[in-house]
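Engineer: Each chain is listed here by its residues.
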Amino acid sequence: MQNLLAGLLLIVIAAIAAWQASPLPMGTLRHIGPGMFPISLAGFIALIGVALMVTWARGERNSTGRWPLRGPLFILGSAVIFGLAVRPLGLAVAGPMLVIVAAFASHETRWVEIIAFAAGMTVFCLVLFKYLLSLPIPVAPWLIGY
Amino acid sequence: MEALYDNLSHGFSVAVSFQNLGLCFIGVVVGTLVGILPGVGPIATIAMLLPLTFNFDPTGALIMLAGIYYGAQYGGSTTAILINIPGEATSVVTTLDGHQMARQGRAGVALGTAALVSFFAGTVSTLVVAALGVPLTKLALLFGPAEYFSLMVLGLAFAVVLAQGSLLKAAAMILLGVLLAAIGTDLETGEARMTFGLDELADGIDFVVLAMGVFGFAEILRNLENPESRDVVRAKIGRLLPNKADIKASIMPMLRGTGLGAVLGILPGNGAVLGPFASYTTEKKLAKDPSRFGKGAIEGVAGPEAANNAGAQTAFIPLLTLGIPPNAVMALMVGAMTIHGIIPGPQVMTKSPDLFWGMIASMWIGNAFLLVINLPMIGIWVKLLNVPYRLMFSAILLFCCIGIYSINNDTSDVALTAMFGLFGYVLIKLGFEPAPLLLGFVLGRLMEEKLRQALILSRGDFMTFVENPVSGVLLAISLGIVIFAVLPAVRKKKEEALSS
Numbered sequence: 001m002q003n004l005l006a007g008l009l010l011i012v013i014a015a016i017a018a019w020q021a022s023p024l025p026m027g028t029l030r031h032i033g034p035g036m037f038p039i040s041l042a043g044f045i046a047l048i049g050v051a052l053m054v055t056w057a058r059g060e061r062n063s064t065g066r067w068p069l070r071g072p073l074f075i076l077g078s079a080v081i082f083g084l085a086v087r088p089l090g091l092a093v094a095g096p097m098l099v100i101v102a103a104f105a106s107h108e109t110r111w112v113e114i115i116a117f118a119a120g121m122t123v124f125c126l127v128l129f130k131y132l133l134s135l136p137i138p139v140a141p142w143l144i145g146y
Numbered sequence: 147m148e149a150l151y152d153n154l155s156h157g158f159s160v161a162v163s164f165q166n167l168g169l170c171f172i173g174v175v176v177g178t179l180v181g182i183l184p185g186v187g188p189i190a191t192i193a194m195l196l197p198l199t200f201n202f203d204p205t206g207a208l209i210m211l212a213g214i215y216y217g218a219q220y221g222g223s224t225t226a227i228l229i230n231i232p233g234e235a236t237s238v239v240t241t242l243d244g245h246q247m248a249r250q251g252r253a254g255v256a257l258g259t260a261a262l263v264s265f266f267a268g269t270v271s272t273l274v275v276a277a278l279g280v281p282l283t284k285l286a287l288l289f290g291p292a293e294y295f296s297l298m299v300l301g302l303a304f305a306v307v308l309a310q311g312s313l314l315k316a317a318a319m320i321l322l323g324v325l326l327a328a329i330g331t332d333l334e335t336g337e338a339r340m341t342f343g344l345d346e347l348a349d350g351i352d353f354v355v356l357a358m359g360v361f362g363f364a365e366i367l368r369n370l371e372n373p374e375s376r377d378v379v380r381a382k383i384g385r386l387l388p389n390k391a392d393i394k395a396s397i398m399p400m401l402r403g404t405g406l407g408a409v410l411g412i413l414p415g416n417g418a419v420l421g422p423f424a425s426y427t428t429e430k431k432l433a434k435d436p437s438r439f440g441k442g443a444i445e446g447v448a449g450p451e452a453a454n455n456a457g458a459q460t461a462f463i464p465l466l467t468l469g470i471p472p473n474a475v476m477a478l479m480v481g482a483m484t485i486h487g488i489i490p491g492p493q494v495m496t497k498s499p500d501l502f503w504g505m506i507a508s509m510w511i512g513n514a515f516l517l518v519i520n521l522p523m524i525g526i527w528v529k530l531l532n533v534p535y536r537l538m539f540s541a542i543l544l545f546c547c548i549g550i551y552s553i554n555n556d557t558s559d560v561a562l563t564a565m566f567g568l569f570g571y572v573l574i575k576l577g578f579e580p581a582p583l584l585l586g587f588v589l590g591r592l593m594e595e596k597l598r599q600a601l602i603l604s605r606g607d608f609m610t611f612v613e614n615p616v617s618g619v620l621l622a623i624s625l626g627i628v629i630f631a632v633l634p635a636v637r638k639k640k641e642e643a644l645s646s
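Sequence lines, in order, name chains A and B. Residue numbers are given in our numbering: position 96 of the first sequence equals residue 96, and the series is strictly consecutive. To convert, count from 1 in the second sequence and add 146; that's our numbering.
Source of the hints: derived by calculation from the structure; they are not laboratory data. Note that CB positions come from ideal geometry on N, CA and C, so glycine has one too. Only true hints are included.
Which stretches of chain B does chain A cover? Using the computed rule of at least three CB atoms under 8 Å from a CB of chain A, they are:
no.: 1; stretch: 195–202
no.: 2; stretch: 321–327
no.: 3; stretch: 332–341
no.: 4; stretch: 359–370
no.: 5; stretch: 528–537
no.: 6; stretch: 546–559
no.: 7; stretch: 600–608
Isolated chain A, as found in the complex (with noise of 0.2 Å):
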């Protein structure tokens, strides 16, 4: 199954680039256009997936294993909440929200602990990247204007 699904995988992605890189124009040999590297790369990338998949016609059964949304869901998603918030936020918002989100992604989450590790990984960020980094990271632009 694993090389199946790799090799469709390979397949859609080629396909993407082809249809996005379709309107550039090719070149000629002697001329290469912006198309045509990249072009060429997605036949490659294609044939390759089709090779992949023949690998699995002919007998390949690698298990992909389990696919638990649990930790893809929190773990990316408090990235992206950090990203939406740290700028309106700020650090010192962001900070523990992002710790706090992604703790639900692990089942041997403790919230006392989370909770203060939180508050503690934020005020060490702060002091690391901000006063000693001078970083131009926002602290918390509500609160103190910067």
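Chain B: place on chain A using the hints.
Structural biologist: The following block gives chain B in isolation, referenced to the frame of chain A:
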């Protein structure tokens, strides 16, 4: 010889400035600190700590990054010995005998030996880097577009052959990396390519965004799924310094390991990964009693660790002289250099000699720091091994997010990284190894540029790549190693070696 001395002393005069010494020291300490956390390999460590360097001048920033890299490497060896988890492929071999030594109550000796041989190997290979820097840079300046293109093909061919798992999948990852690099504004015509009409993609995908997504985020997802099994050594660490018998047993393996590692590390396309394997096999073959290996033989730590560190160092050669990173970690260094406005390649040495020689001198200083800080601080490192992953992953995530946001102060970068995290997770599930993707991505733009230039020069004749003698030989070698690797007998051997 004299020129080498002059260059090195110039480098040391740059590297021993108060600021640069401090940055090197901090780099080594935090690199070890993060690299030692189980489940955090050197790539994730460097990606995570990259924002620490944003505000320094390029020389200082690169010295610090190099320090982080050595620290992360050494951290990987420490986890290999103490908890049987290698930080990355090059410290896999160390788990075999190092962890056995630790179980027999000789963890201290294993760690001490690893630190001492690493220092020796680091010293030798710093000299190798310095000695080869000038001639190779001159050679690189003679290379035309066709030679350059073929050299990169050779590097990528090596990367395919040396990758874990299926060759087809590794090749797909390389091509996909090159394809991702093509996103953004076309070099010649300025047309937007494959940007889906998004302004955010007009400048292409940021290297750090890709690296943190595919390595940082995806690795967290993978680690969370696999319930932890840490075999933390409960036995005493014991004395650190090897005794006379240990030294006698280690000295020849160390010399051989250094030689093997240094030579293999120079190869384009992650030759460094072969060093420890080659060293271990050599020592086992040469040993009077090979059955001791795998049961705590000190030679099995000394040789591979020397090879590991020598290769880690000489891997800088293709990067600094040719601008071609040989592996994913070096690709990350390219990303870091670009953030600081430096395009790696032969021109770095001539245009910014301070940076070039200062960085080489700081390699040696970094190795010396490693030795000095690691041995006394082993107690602290052991405590870090007990930090539970349920706390670690959110800290890693927070560091990554702050770093990504800080590159461009752009919130859409964070979302894009999350997308690549998902993509990397799917890739892992489908049996793709993401390291070659990163390598292809870093080389992609340069490859296309050189390909187009070469074809303009040859008026569209592809034979130029074969007729040009240097380029022809490089392509022939690339073809040769790929054919060699698909031979059934070799394939089986490789699987055995890389899976052990």
